[in-house]
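S.K.: All chains should be built: construct the whole structure from the sequences, respecting the hints.
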Amino acid sequence: MKNMMIADMAEHEKPVEKLIKYGADKLSDAELLACILRTGAKDMNVIALSQLILNSGKSYKGLRGLNYQTYTELIKIYGVGKTKAAQLLALTEVSRRIASLETEEKLIFDSSESVADYFMEEVRYLTKERVYALFLSTSNGMIHKVLLSEGSIDRSIMSPRELFKEAVRYEASSMILIHNHPSGDPSPSTQDVVITTKIMELGNDLGIPLLDHIIIGDKRYVSMLEDGYIKKMESL
Numbered sequence: 001m002k003n004m005m006i007a008d009m010a011e012h013e014k015p016v017e018k019l020i021k022y023g024a025d026k027l028s029d030a031e032l033l034a035c036i037l038r039t040g041a042k043d044m045n046v047i048a049l050s051q052l053i054l055n056s057g058k059s060y061k062g063l064r065g066l067n068y069q070t071y072t073e074l075i076k077i078y079g080v081g082k083t084k085a086a087q088l089l090a091l092t093e094v095s096r097r098i099a100s101l102e103t104e105e106k107l108i109f110d111s112s113e114s115v116a117d118y119f120m121e122e123v124r125y126l127t128k129e130r131v132y133a134l135f136l137s138t139s140n141g142m143i144h145k146v147l148l149s150e151g152s153i154d155r156s157i158m159s160p161r162e163l164f165k166e167a168v169r170y171e172a173s174s175m176i177l178i179h180n181h182p183s184g185d186p187s188p189s190t191q192d193v194v195i196t197t198k199i200m201e202l203g204n205d206l207g208i209p210l211l212d213h214i215i216i217g218d219k220r221y222v223s224m225l226e227d228g229y230i231k232k233m234e235s236l
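Per the numbering used here, the sequence shown starts with residue 1, numbered consecutively.
Take the hints with a grain of salt, since some may be wrong.
[Unchecked claim] Once the Cα atoms are required to be at most 30 Å apart in a straight line, the calculated BS3-like pairs of lysine-lysine come out as:
#1 K61 with K21
#2 K76 with K58
#3 K76 with K14
#4 K145 with K231
#5 K128 with K145
#6 K76 with K128
#7 K42 with K21
#8 K231 with K219
#9 K42 with K26
Just so you know, the hints here were simulated from the structure itself, not pulled from any lab data.
M.R.: Now the structure itself:
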């Protein structure tokens, strides 16, 4: 039954028709994915293929697992070629962007939690470290978000010179650093503490203070200021 071709299904059981008639919230995860993929594989309809994909995650199963799948991993799944792999990667990226856009307008970052909430879905699934800066106005409103660097799976190299060049360019009154730990553990390394302290000192000298450095893990984060890894510096 599970491999019955879509064309042979009753009209009300076909994923697209079912969505139109009953609403997207009435479909299973596999049926929703089937609406996007549209076609199955040889001897496997699109719903069965969708379920196979959802069960193929190494770290997690289901929709959550898709966030961790790479192109190379996806095309190893039976029935998934380059087009379907691209569709799946596009789906997860659209989901991340929607999650980010929901809170993007008139953003005020007045707490570490507000920063972590904004970045969590964007960076928690990444397999490489990325370092971002938030440039803020005098009222802690977001002026601009910039990706400073992307490193290997366990290291990211950030240039303080590039950071302050961008801060001056956007006329930032202050800034916050954010980076992810692909391991899921947001505990700062010794290197994190050393470079953050250096940037705080430079920011204090230049009149563009670094307010905090937020490290994102998997559903967890560390505020280096609030958790005592760095100390707030008095302005000159």
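S.K.: Against each hint, give a clear statement of whether it holds in the structure.
M.R.: Results of checking the hints against the structure:
no., hint, in the structure
1, K61 with K21, "holds (28 Å)"
2, K76 with K58, "holds (13 Å)"
3, K76 with K14, "holds (27 Å)"
4, K145 with K231, "holds (24 Å)"
5, K128 with K145, "holds (19 Å)"
6, K76 with K128, "holds (22 Å)"
7, K42 with K21, "holds (28 Å)"
8, K231 with K219, "holds (25 Å)"
9, K42 with K26, "holds (27 Å)"
Taken one by one, the earlier hints all hold for this structure without exception.
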